[in-house]
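Chemist: So you can see what is in the structure, the chains are spelled out below.
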Amino acid sequence: MSQLRVYQTEAIVIKRVKLGEADRILTLYTPEKGKIKAVAKGTRRPISKLGGHVELLTHSQLLIARGRNLDIITQAQTINCFMPIKNDLNRLSQGLYCAELVDVFAAERIESAETFHLLRDTLERLANSKTGAIALRYFELQLLNYLGYRPQLQSCTLCNRAIQSDINYFSSCQGGIICSQCIHEEIASRRLSLNALKVLRLWQNCDYATAIKININEELAKELEDVLRDYLKYLLEKQIKSTAFLDMLKVKLVGIDN
Amino acid sequence: MEFTNTAEPIARLIEEFNKLPGIGPKSAQRLTYYLLQSPPERVEMLAEAIKGIKQSLRLCSVCLNITDSETCIICRDNNRDRSRICVVEEPADILPLERTRKYRGLYHVLHGVISPGDGVGPDDIKLNELMRRIQNGGVTEVILATNPNLEGDATAMYIQRLIASSQIQITRLARGLPFGGDLEYADDVTLSRALEGRQSF
Ligand SMILES: [Zn+2]
Ligand SMILES: [Zn+2]
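In the order they appear, the protein sequences are chains A and B.
Going by numbering that gives the first Met the number 0, the first sequence opens with residue 0, and the numbers climb by one from there.
Going by numbering that gives the first Met the number 0, the second sequence opens with residue 0, and the numbers climb by one from there.
In case anyone wonders, no lab produced these hints; they're calculated from the structure.
All figures in this text were calculated on a predicted structure; none of them were measured in a lab.
Each hint should be verified, as a subset may be incorrect.
Unchecked claim - In silico EDC-like pairs for lysine to aspartate or glutamate, Cα to Cα no more than 16 Å straight-line:
1. A:K240 <-> B:E128
2. A:K197 <-> A:E236
3. A:K237 <-> A:E217
4. A:K237 <-> A:D102
5. A:K36 <-> A:D87
6. A:K48 <-> B:E15
7. A:K240 <-> B:E183
8. A:K48 <-> B:D117
9. A:K240 <-> B:D122
10. B:K18 <-> A:E20
11. A:K237 <-> B:D123
12. A:K17 <-> B:D181
13. A:K48 <-> B:D76
14. A:K249 <-> A:D225
Said to hold, decoys possible - A short list of chain B residues far from chain A (calculated; beta carbon distances all over 10 Å):
15. S55
16. R57
17. P115
18. G118
19. M130
20. T139
21. N148
22. Y157
23. R160
24. V188
Stated by the list, open to error - Cβ-to-Cβ under 7 Å is the rule here; a few derived chain B residues that face chain A:
25. E40
26. Y184
27. T189
Note that CB positions come from ideal geometry on N, CA and C, so glycine has one too.
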């Protein structure tokens, strides 16, 4: 069977590395093909037809030619450049974090339209939200759903009994909750507050409009962030690179803009 | 590429040339055979020149540009305006700016750019050195001339935050349509910034 030499696809640019003098290899996330790689020629020169249409965190319509080794982008037109993300350091660091998560979790050429839509919608949400904290947590939980790492939050991962007590633990290696009867020192786990458990359960199953209706104080926000980050790190078996910058912005430059 | 029928030193030089930017296998062969036929003194001079760039060069103690002495030729020039610092990513970025003959201030070379997805943060580039220069006083304007792409913008925004509370004027090179470019191909970010930065004509 012969394949078409060119194909069209929507894509969000989630990573790019330099190639030779003026080219780049892009990692793209597409609705129909999942994660793919393609070369964008000449994009590091000021006069480039592709230019900003294939910049990181840009949603574009692409025409791609199949190559012997790597496919080559021949045309690009921006659908959404998420301008507020590009113009604000906090949002930019959050957008890059989402892109990195998709890149490190998604295998190449495994289709997941939900993941594409989640990434697109999350970038849109980050562009429009002030702090982005809920958008990020919601993104992490949904991404875990789509990729098959949905944490078990309804019943104890060891005894399978429904969660009853107010005191529970989250274990990354168990992939969910451990009840107070099953907990023992040999399992790496962290105490999870009842509020955090309730919020995580809700976010796992609700739409985004419902998710943002909840009021979350700073302490709870921090707990949710820590639990999910630990779990993601455990699954990846490594640090997520862009979190360092995300944290740095919070600590060093807090309060300078909103 | 394999050079199984070529003497080892020739094959090695062809391979080395081939690694250089803009030099393909054909050009690499031509250069190698040209040198093979050149007088020994010429080859010696070239070899010395190549070695020289690594042996005698270091970073300017002020702006971190590449130099062969304590400070670079720009920082040594007493006619330059010492109250302005133009921040660039790489030493190679200074040359095109100098060619314009429009700028008479000093530079600061970051030797990199903030790239969170690659794990390159503010501490991995020469940002502390810039902050020290600014804290030493006498600076009235910092011109951010990092590349007009995501990492260049991130770096510029980060520096802007670091020095926003001071009295120093912070400017960014105007972003707009490239000369010789075509409006039709301009992306949304470039176009909207070009519109924002439009000037009376
Ligand atoms: Zn249990
Ligand atoms: Zn200097």
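Chemist: Can you list which hints this structure breaks, lowest number first?
Modeler: Numbers 1, 2, 3, 5, 6, 7, 8, 11, 12, 13, 17, 18, 21, 22, 23, 24 and 25, in rising order.
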